[in-house]
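Visitor: What follows is each chain in one-letter form.
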Amino acid sequence: MDFELDQEAVALLAAAGAVLDAEATPDLIRAAWPDGGQRLRPAGLEQVRKVWVTLADQGVVGALVGEDDGGLGLDLGHTVPLLERIGYVGLPVPAVETIVYAAPLLAAAGHPALPDMLAGRALVAVGTTTAAGKTLVPHGQQADLVILPEDRASPPEGGLRVFAAGELAWEPVTTVDGARALARLAGPPTDDAGTVLVRGPEAARAAADAAWWRAALGTSAVLVGLAARMLSITIAYVKQRQQFGVPVGSFQAIKHALASAHIAVEFARPAVLAAGWEQARFPADGLAAGPPRATQDAQEAQDATSVAKVLAADAARLAARASIQCHGAIAYTTEYDLHLFAKRAWALIPAYGDPTWHRAHLARGLGLRDATAGATAAAAPQQRAAM
Amino acid sequence: MDLTWSDEDEAFRAEARAWLSANVPAAPLPSGDTREGFTAHLEWETKLFDARWAVVSWPKRYGGREASLWQWLVFEEEYARAGAPQRVTQNGIFLLAPTVFEFGTPEQQERILPRMAAGLDTWAQGWSEPGAGSDLAGLRSAGVRDDERGGWRLSGQKTWTTRGAFCTHLFGLFRTTATSGPGADPAAGRHRGLTYFLVPLDAPGVTVRGFDRLDGDEGFAEVFLDDVFVPDENVLGGVGKGWQVAMATTGSERGLTLRPPGRFLATANRLVELARSVPGGASPALRDRVVQAHIDARAYQLFTLHQVSGMLRGRQPGPASSMNKLFWSEMDVRIHETALDLLGEGGEVDGAWSRGFLFSLSGPIYAGTNEIQRNVVAERLLGLPRA
Chain Y
1 MDFELDQEAV
11 ALLAAAGAVL
21 DAEATPDLIR
31 AAWPDGGQRL
41 RPAGLEQVRK
51 VWVTLADQGV
61 VGALVGEDDG
71 GLGLDLGHTV
81 PLLERIGYVG
91 LPVPAVETIV
101 YAAPLLAAAG
111 HPALPDMLAG
121 RALVAVGTTT
131 AAGKTLVPHG
141 QQADLVILPE
151 DRASPPEGGL
161 RVFAAGELAW
171 EPVTTVDGAR
181 ALARLAGPPT
191 DDAGTVLVRG
201 PEAARAAADA
211 AWWRAALGTS
221 AVLVGLAARM
231 LSITIAYVKQ
241 RQQFGVPVGS
251 FQAIKHALAS
261 AHIAVEFARP
271 AVLAAGWEQA
281 RFPADGLAAG
291 PPRATQDAQE
301 AQDATSVAKV
311 LAADAARLAA
321 RASIQCHGAI
331 AYTTEYDLHL
341 FAKRAWALIP
351 AYGDPTWHRA
361 HLARGLGLRD
371 ATAGATAAAA
381 PQQRAAM
Chain U
388 MDLTWSDEDE
398 AFRAEARAWL
408 SANVPAAPLP
418 SGDTREGFTA
428 HLEWETKLFD
438 ARWAVVSWPK
448 RYGGREASLW
458 QWLVFEEEYA
468 RAGAPQRVTQ
478 NGIFLLAPTV
488 FEFGTPEQQE
498 RILPRMAAGL
508 DTWAQGWSEP
518 GAGSDLAGLR
528 SAGVRDDERG
538 GWRLSGQKTW
548 TTRGAFCTHL
558 FGLFRTTATS
568 GPGADPAAGR
578 HRGLTYFLVP
588 LDAPGVTVRG
598 FDRLDGDEGF
608 AEVFLDDVFV
618 PDENVLGGVG
628 KGWQVAMATT
638 GSERGLTLRP
648 PGRFLATANR
658 LVELARSVPG
668 GASPALRDRV
678 VQAHIDARAY
688 QLFTLHQVSG
698 MLRGRQPGPA
708 SSMNKLFWSE
718 MDVRIHETAL
728 DLLGEGGEVD
738 GAWSRGFLFS
748 LSGPIYAGTN
758 EIQRNVVAER
768 LLGLPRA
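Residue numbers (the numbering used here), protein chains in the order written: chain Y, 1 to 387; chain U, 388 to 774.
The hints are simulated quantities; they were obtained by calculation from the structure and are not laboratory data. Be aware that a few hints might be false.
Taking lysine to any residue pairs in the SDA-like style, the calculated list, with each CA pair at most 25 Å apart, reads [claimed, not checked]:
#1 Y:K239 <-> U:R773
#2 U:K628 <-> U:D534
#3 U:K447 <-> U:A505
#4 Y:K239 <-> U:E766
Please put together the full structure from these sequences, using the hints given.
Guide: The structure is reproduced here in structure tokens:
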């Protein structure tokens with residue numbers, strides 16, 4: 001038993017941390033926001049890309065790609081501290097999608113875009129289907145490649161495909177977090193569009209499943225980072241903001257709210273680290289290099305991820321709420337930086353399974369029946385309605 | 388990072404599990420917070436001690452096994468899992484003993500620890516007074532020097548003394564330097580004029596009056612001291628050093644030593660069992676709370692494992708132990724509230740869950756109220772200014 005970070009994780013964080021601390025400022029997040037006319041600014045996106053290329057030079061994008069394919073050959077657990085830091089600085093790129101979801105898939109498929117991706121020249125977005133049946137692509141407006149959640153070819157071939165952004169018909173969508181660069185798929189891709197990453201319905205489903213769970217874990221790490229950043233901004237503020245002749249941070253009402261949020265973050269962090277370690281220990285089928293594994297182990301890794309996602313999402317929600325309240329009116333402006341992090345957190349709380357979905361997932365594993373369904377939930381088909 | 392137990396730790400677990408399954412009483416003992424129950428529990432303590440399970444982490448010469456911190460956690464996990472009796476010796480073993488190991492003279496260690504481990508001496512904590520609860524440093528019980536006999540004469544009143552009516556000894560704080568009045572040393576301050584004493588409860592001048600707690604058991608006592616002579620050898624850690632010594636003990640009480648995660652994992656598992664047994668299944672809202680209990684117990688376990696990893700590398704938790712206390716005590720209340728809601732109208736029937744619920748309500752109060760703990764987190768971890 002040992003919870004100390006591996007050297008690989010520390011080194012990856014150190015390499016990326018220096019770049020992020022220097023370059024990934026709140027101004028960079030603002031550069032990724034649309035102008036008044038709700039259009040993304042090419043100059044701003046270019047600025048963001050430059051930082052991404054610098055990060056890629058540190059090997060960050062290929063963290064999960066084998067050394068033979070030009071990556072670092074690390075495992076998912078090693079990327080957790082890095083992703084937390086990416087959340088902390090609010091880097092406005094699809095980092096989880098590119099590093100965690102897509103890179104191992106593209107590497108396994110020998111996709112020709114892999115070198116561009118590893119060099120930071122190609123960002124990958126991943127589509128998601130809302131409860132209303134729309135396909136939304138976070139960061140779709142800034143991505144070079146897009147992976148859609150299911151086969152849109154007609155008739156379906158049951159494959160997992162990646163599209164060049166130009167192959168898809170999409171429209172921009174205005175979002176609460178302007179740096180999400182969200183796009184909505186305007187129509188299905190043409191039958192000859194895209195390239196196949198994984199062939200066959202079963203293999204494709206397994207690969208998409210494994211990538212989804214990796215991204216759920218990565219998103220949890222980002223949420224912990226966002227929550228920690230919001231609290232750090234707030235703590236600095238309440239120490240210097242004076243009311244009634246004293247810093248407002250000396251009032252118990254403020255102390256207790258921030259202590260509660262801090263505890264939520266501190267208890268989420270080890271759970272995210274542990275889930276990363278579990279997933280790395282039991283690599284899913286979707287990774288070509290992964291050894292065969294027992295179903296039980298995979299279930300444990302998924303359960304650990306659900307625990308992590310619930311804790312991280314709830315911590316981020318609480319941190320955002322407490323941070324805004326403890327600031328007072330200044331936090332209710334867009335001039336002040338806090339909203340940049342809060343809005344990202346709100347966008348990511350439902351991403352890759354919201355807390356309700358993950359609790360339901362855990363309930364199935366615990367053998368808890370759902371009174372409304374009238375049957376054991378374990379028998380229910382795997383659904384991700386909350387996506 | 389490696390979140391698996393070593394072969395050695397697993398062997399230790401197997402040995403503990405085998406012994407516990409063979410020896411834990413089939414029927415629960417009467418509450419250890421009643422007179423008859425206390426006696427029954429002491430018999431259990433003797434059994435534990437004879438098999439060297441009473442103080443696993445202690446030196447062998449005191450009846451321990453010199454188990455590592457990890458193994459101690461493993462033992463506690465197995466102990467809770469087996470549903471073994473409450474430890475009526477815990478305030479001695481988990482609160483006083485760490486202090487004796489740290490501050491006691493070799494003579495005190497030899498005199499106190501073996502008898503404590505064997506359950507021959509049972510220890511109650513003498514912190515609170517009618518006028519000093521959260522504001523512990525406001526205590527007024529005092530010691531007057533008796534040079535002739537080589538010791539101190541203690542007078543005053545302690546209260547909320549857990550199992551005080553049944554224990555043989557009390558450890559407590561007394562003021563030995565007056566802060567006002569004739570002969571006072573105002574410079575000594577409220578915190579610096581205190582001394583940590585070990586008091587036999589059969590000493591002349593001691594009167595103990597037991598009274599009922601919220602759960603109906605005579606688990607509390609008031610201890611009146613009227614000119615009670617205590618020899619110098621019963622001062623722990625030096626005259627005037629009581630605050631520093633006591634804070635070391637409260638650190639134990641809030642943090643790891645009193646509340647290892649195994650206990651909450653076991654309680655959460657029992658809650659899941661209870662929910663499974665509900666005919667027709669629990670409502671989705673209740674099911675969510677059951678799952679949350681599972682998530683929280685896991686979070687507490689992982690937080691603790693992370694903390695222990697740090698401790699083994701020399702990073703003491705310090706004020707972070709307040710986070711443990713806040714988390715477990717509030718989780719414990721939520722778990723029991725959920726159980727009562729699952730039981731519905733049957734929840735009022737006297738039983739393990741209703742008793743556990745009443746007991747859980749003491750958690751956010753004892754060992755420093757959670758309001759005080761949140762102040763500690765805010766001031767000492769987040770650096771917010773004192774009022």
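Visitor: Hint by hint, say whether it matches the structure.
Guide: Taking the hints in turn, this is what the structure says about them:
no.	hint	verdict
1	Y:K239 <-> U:R773	holds, 10 Å
2	U:K628 <-> U:D534	holds, 19 Å
3	U:K447 <-> U:A505	holds, 13 Å
4	Y:K239 <-> U:E766	holds, 11 Å
Checked against the numbered hints above, the structure breaks none of them.
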